[in-house]
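Undergrad: Sequence:
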Amino acid sequence: MRNKQEELEALAQSQRFDIIDISETWWNGSCDWSALQALQRDRQSRRGGQLALCPVNGTYMMEQHVLQCRVSAVSLPPLYHAPWEPALDNGPGPGIHWSAKARGGERQVLEHHLVPRAKMSNALLFVLLFLFPMLLSGAWFPKTLPCDVKSSEGTVTVDCTYRRLTQVPRGIPENATNLTLSINHIPHIYPTSFAQLKNLMEIDFRCNCVPVRLGPKDLVCNRRLEIENGSFAALTRLKSLYLDANQLLEIPRGLPATLTLLSLEANTIFSIQKANLSELGNIEVLYLGQNCYYRNPCNVSFEIEETAFLELKKLTILSLKSNNLTHIPSNLSSTLKELYIYNNRIQVIQEQDLSALLNLEILDLSGNCPRCYNAPYPCIPCTRGSIQIHSKAFDSFKNLRILRLRSNSLQSVPSSWFKNIKNLKELDLSQNFLMKEIGDAQFLKLVPSLVELDLSFNFELQLYSPFLKLSETFSSLSNLETLRLKGYVFKELREEDLRPLLSLRNLTVLDLGTNFIKVANLTVFEEFPALKFIDLSVNKISPSSGESNSNGFCSNLGFSVEQHVRQVLQEMHYFRYDVYERSCRSKDKEAASYQSSVKEDCLQFGKTLDLSRNNVFFINPSDFQGLSSLTCLNLSDNAISQTLNGSEFSYLSGLKYLDFSNNRVDLLYQTAFKELEHLEILDLSNNQHYFLAEGITEELSFIKSLTHLRKLMMNDNDISTTINTGMESQSLQILEFRGNRLDVLWMDGNARYLSFFKNLTSLEELDISFNSLSFLPPTVFEAMPPKLKLLNLTNNQLKSFNWENLHYLKKLVTLDLSNNLLTTVPRELSNCSSSLQELMLRNNRIQQLTKHFLRGAFKLRYLDLSSNKIEVIKKSSFPENVINNLKMLLLHGNPFRCNCEAVWFVWWINQTQVTIPLLASDVTCAGPGAHKGRSVVFLDLYTCELDTSYLILYALSASTVLSFMVLAVTSHLYFWDVWYSYHYCTAKLKGYRRLSLPDACYDAFIAYDNEDPAVNDWVMEELVRRLEDRKARQFNLCLEARDWLPGQPVFDNLSQSIQLSKKTVFVLTNKYIKSGSFRTTFYMAHQRLLDEKLDVIILIFLEKVLQKSRYVRLRKRLCRNSVLEWPTNPQSQPFFWQCLKNAIATNNSLAYNKLLQETV
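Quick note on numbering: the sequence shown equals residues 758 to 1917 in the numbering used here.
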C-alpha cells in the first residue's frame, strides 16, 4: 500500500501539484493506473499557471474503475497548488478517495494542506484560503451560482427561476439532472450552453421572452429567443424540454433522440410540418398549444401538415389547445392516450376524425363552440349554434376515462356517443344549454361507471325555474361521487327534486351553488349518508320565520332573475378562458384547478355545509333541525347582525368548525356559541360592524365556555374596546388577532388591557400583526400566555422593541417582527431568550448589528435579516459556532459595503454550508463603485491582504500623480495670480516700499480704440474739443497719441497714464471690448480700486455693448454717474457733456447710491 501511495505522490509531483497526508482510511481497493494516466494527459493539456482538477462531481471512467473527485478547475500561481477533495458520498468502490475527517460532530479540514514548492508567506497562504473556500469546505457547486441546488434520491435539481439572468450561469454542477431557467431574460442558446451538463434529464426554459399580450407590460420582450441548431444535441440523457413562452418561430433543430417530452406552448409557431418533427421519433408528450389565439395572435391560419404526426409512434399525450384549429388533425398516432384540443374553432367532428385513437383515455374538446353569454373574454359563437359531433365519432373509445365537452353550446347529449365507452369516470358538460337534457338524460344509463359529473351553468337565458328537475336516470350512476349543478338557476329546493340521487350511496360531493335558490329544505341532506360536502353558496337563501315554513330556510318569493344572473360570472373556475392553463412558475400539465370556497381545515372534519354568500341575516334554531351530523358549517358573507345568545345552533351539537366571517355578529352575551360544546375552530374575522359602532362594547368572554376550542380567528375586526379586560380559555391553542387596534387597548397610561391574553393558558400561537402598534408596553410580556411558542408582530409600526423582556416568554420558539420600523437588534440575543429558534426581522430599518448579537444563541436555526440597511456584518456579531448551526439565513436586500471590513463575512459566506437564498443574485454590494450591484461572493479579498510596503508605494504614487495634476491645473488657471503674489511677497520681505507718486497731472486718461477712424475722430473732434477748449471749465486730458513718451514700453506708458490721471474714461465699442488693449487697461484701472480704494473708472458706450454684463448692471446701481451712453438724439448731447464733466470732476465714491451702500 505504501509503494502505491509513493507512486501516486510521484505522479502528482510530475504534474505540478502536491498531495499530502493521503489517509489509508480512504484507500479503497486497487488503483486503476490507466485512469490516472488519462487524468495525467488531461493535466498536460493545461499550461502556464493553470492547474486542471476534476470537474464538479466529475467522473473519469476507464475500463471498470472510477476515479471520482469533487473539485472545480481553478487557476493558481505557478508555485502554489491545491489538493484534491473528492466526494464523501460516493460510497465504497474501486478507486481512490480523499476527504476530510469528521471530528466532534463538525466537519474540520485536517488532512489537506496547501504546500508551496517555494517559500510562501503566511499572508499569501491566508489569501489562498480565501480564494478557494470551495476546496476547503467540500462545496460541490460554487457560491457564485445564482440558483438553488437540491439533491435528493439520485436527482440534482438546479432552480434558477426569476434571477434576472441574461445568459446560462457558470458553475452549474455537472451531475445536475434537472435545470430550471424560467422567468429570465436569456436571449440565446448555444451548443456550448449545456455542453458540460451531460447528466441533464430535464430543462425548463420557459418564459424568457413572453409574447407581448401575455407578458408584463413593464418589461416587454421585443427580442425573441434564438436557439442555434444542435444546442441540445450533446445531452444524450435529456428526456424533458420545456420551451414555452419564448416567441419561437419553429421547433428547434438538433434535438436529442432520447427526448420524450417537448413543450412549446405560447410561442409563435404557426406551422407544424412533418420535417419539423422528424427528429422526435421517441417523443411521448408534445405540447403545442396557445400559439394562435386572442392573447397570442398569429394573424395567419394555423397550419398542420396532413402527415405531420404520422411517424410519432410513441406519442401518448398531445396538446393543440388555443390554436384556432378548424378541424381535428388527421393521421394522429393510435398510441395517443390524452388529446387536448380545446379552445379552438372545430365546429364539426366527423365519424372518422377520431376513429384511429383506440387507446385514448382523456379527450378535451371544450370551448370549440363556446357559450358566449357573459363570457369575460373575446367569444365568437358557432355559425351552426352548437358543435356537431357525429353519433359514431366516439365509437372507438373503449378505454376513455375522461371526456370534457364544456362550453360547446350543446342542447342535447345523444346516447349513441357512449355506447362503446364502458369505463368513463369523469364527464364535464358544463356551460352548455342542457337544462332540458338534465330532465331527461337518457345517456346516463350508458355510463354507470361515472365518478364525477359536472352539469354546471346550463341555465336557459331569461328563465327562472321554480324547481330543480333531475332525470330518474341519475339513479343509475351507482359509482358517482361528485355531482356539480351550479348555475341551473331555480327557486326552491325540495326533497322530491333530489329523489333520483337518494340511491347513490357513493355520492360525497353535491354542488348546488350559484343557483339563486330562495327556499331550501336542508333536512333532505340527512338522507345522504355518504355526503361529505354540500355546497349551497352564492344563493338567495333566507331564514325562515319559524312558523310558516318548517322545512328550513325560505324567502320572500318576489324575485327577478334578470338582476342577479350576471353574478354567475363570480365563479371564475367556469368562466376562465383556460381552466387548466399554466403560469410561468408552474409547469404542471392539464391539472384541474377547482377551488372550493370552504377552507381545507373545515372539510377535514367531516360532513360540511356551505351556506356562504346567501341572505341568512338571522339564524333560527329550527333551520338546522335534522342536521346533527354536520361537523363543519360555513355561514360567511351573510350580513348576519343577530345578537347571539347560545341557542341558535342547538341542533348542531356535533359541530367542530364554524365559519362566521364577513358578517355583523353582535357579541352582547357571554353565552354566545355556548351550545357548540364540541367546537374546535371558530372564525369571526371581518365582523367589525359593531366593534366600530360608537358607544357599543362587545363581550369576548364567550370563549371561556367553549371547552374544546383550539383555534379562534378574529382578524380585521378593528377591536379597540371590549367589556372584558382580557380573554380567558383553558383550551385555546391558536389565536389570530390580526387587523385590530391593540394600539388603542395598550395605549400608554391605560393599564386595564395589559393582561388581555394572560388567561389563555394553553395558547401556543398568537398573531397580532396589523395592529398599528408603535411600541409594546414593557408589562405586556409579563402578561403573555405561559406556553406561547409563536408570536407574530409583523406589519405594525414598531420603532423599538423591549428585547430584554423576552425572557418572560420561556417557551418562545418563533418571533416574527418583519415589516416594522425597528432600527436595532438585541445587545445579546441569548440573554433575551434561550429558547428562540426562529427570528424574522425582514424589512425593517436595521443599520448595524450589535457587537455580540448572536453570541450564545445555539438554538437559533432560522434568521431573516433581509431588506434592511445593514452595511457590515462582523465576526463578533456572527460567531461561527452559532451561525454554522443555522438551517436558513436570509440576507438579501441589504446595502452591504464591500470593503476590507467585509473580509471575514465574505470568507464565511464562501465556505459555509448554511443555506442563504438568493446569495449570488440579491446579496449584493452597495459600494464602493467598482463592486456596486455585484454579489458579495465576488469580492476580491486579495486586495485586503496587501503588504504594508505596497500600501505605502500606492499612497506615494497616488499622491504624486494627484499633486502633478493639481499643479498643472493651477498653473493653467492661476499662473499670473501666483506669479504676482510671489513677487509681491518677495518684495515685501526685501523691504519694498511704495514710491511716493506726484500729484495727478491729468484729470482723465481717455482709453479708446485708436485704430477705429470713427472713434478716433469722435474723441479728437468732439470729446477733446468739448472738455479742453471750453473756458468755463477746462480739463487736462491724457491721450495715447499725444502724451505718451516715444520709445518707452507700452505697458509703462499705460501704467503711468492711469496712475497720473484722476479718472480713466473708457470709450466702448463692440470691437474695442474684444481687444486685449481694453482688458489690460481695464484690469490696471481696476487695480487702483483694490490697492488705493479709489474708483477711477468711467464708462462711455458709443454702441450697445455689454447689455447683460453683471458688472455694468451693478455699477449702474451703485454709481449711475460713472456709466454714460452717447445719445442718438442731438437734442440730448449737451446734457451728455454736462454729465461727463460732472463725473470727471466728482469723486465716484461720493456719488454711490446711499441706500445700496447701507445695505451692503
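Note that these hints are calculated values from the structure, not bench results.
Computed from a prediction, not measured in an experiment: that's the story for all the values here.
We treat Cβ as the ideally placed atom computed from N, Cα and C, and that holds for glycine.
Take these hints with a grain of salt, some might be off.
So the derived label-pair ranges between C-beta atoms look like this [to be verified]:
| hint | residue 1 | residue 2 | range |
| --- | --- | --- | --- |
| 1 | Q1864 | N1773 | 19 to 27 Å |
| 2 | H1740 | K1626 | 51 to 59 Å |
| 3 | F1732 | P944 | 53 to 61 Å |
| 4 | T1536 | A1396 | 18 to 26 Å |
| 5 | A1113 | R1141 | 19 to 27 Å |
| 6 | S1343 | E1561 | 42 to 50 Å |
| 7 | L1449 | Q1168 | 49 to 57 Å |
| 8 | S1529 | K1626 | 21 to 29 Å |
| 9 | K1865 | P944 | 48 to 56 Å |
Okay, derived cross-link-like pairs now, DSS-like style, lysine-lysine, Cα gap no bigger than 30 Å in a straight line [stated by the list, open to error]:
| hint | residue 1 | residue 2 |
| --- | --- | --- |
| 10 | K1644 | K1544 |
| 11 | K1873 | K1861 |
| 12 | K1556 | K1461 |
| 13 | K1644 | K1568 |
| 14 | K1828 | K1865 |
| 15 | K1071 | K1031 |
| 16 | K955 | K1344 |
| 17 | K1297 | K1248 |
| 18 | K1202 | K1176 |
| 19 | K1689 | K1568 |
| 20 | K1689 | K1745 |
| 21 | K1297 | K1344 |
| 22 | K907 | K1616 |
| 23 | K1616 | K1626 |
| 24 | K1461 | K1297 |
| 25 | K1176 | K1094 |
| 26 | K1182 | K1070 |
| 27 | K1556 | K1568 |
| 28 | K1031 | K974 |
| 29 | K1070 | K955 |
| 30 | K1176 | K1248 |
| 31 | K1626 | K1544 |
| 32 | K1431 | K1468 |
| 33 | K1071 | K1149 |
| 34 | K1226 | K1289 |
| 35 | K1544 | K1632 |
Undergrad: With reference to the structure, classify each hint as holding or not holding.
TA: Taking the hints in turn, this is what the structure says about them:
no.	hint	result
1	Q1864 x N1773: 19 to 27 Å	holds (25 Å)
2	H1740 x K1626: 51 to 59 Å	holds (56 Å)
3	F1732 x P944: 53 to 61 Å	holds (55 Å)
4	T1536 x A1396: 18 to 26 Å	violated (39 Å)
5	A1113 x R1141: 19 to 27 Å	holds (25 Å)
6	S1343 x E1561: 42 to 50 Å	holds (46 Å)
7	L1449 x Q1168: 49 to 57 Å	holds (51 Å)
8	S1529 x K1626: 21 to 29 Å	holds (23 Å)
9	K1865 x P944: 48 to 56 Å	holds (54 Å)
10	K1644 x K1544	holds (25 Å)
11	K1873 x K1861	holds (15 Å)
12	K1556 x K1461	violated (35 Å)
13	K1644 x K1568	holds (20 Å)
14	K1828 x K1865	holds (17 Å)
15	K1071 x K1031	holds (15 Å)
16	K955 x K1344	holds (23 Å)
17	K1297 x K1248	holds (9 Å)
18	K1202 x K1176	holds (10 Å)
19	K1689 x K1568	violated (42 Å)
20	K1689 x K1745	violated (54 Å)
21	K1297 x K1344	violated (39 Å)
22	K907 x K1616	holds (24 Å)
23	K1616 x K1626	holds (26 Å)
24	K1461 x K1297	violated (34 Å)
25	K1176 x K1094	holds (19 Å)
26	K1182 x K1070	holds (27 Å)
27	K1556 x K1568	holds (25 Å)
28	K1031 x K974	violated (36 Å)
29	K1070 x K955	holds (27 Å)
30	K1176 x K1248	violated (35 Å)
31	K1626 x K1544	violated (34 Å)
32	K1431 x K1468	holds (16 Å)
33	K1071 x K1149	holds (26 Å)
34	K1226 x K1289	holds (23 Å)
35	K1544 x K1632	violated (34 Å)
Checked against the numbered hints above, the structure breaks hints 4, 12, 19, 20, 21, 24, 28, 30, 31 and 35 and satisfies the rest.
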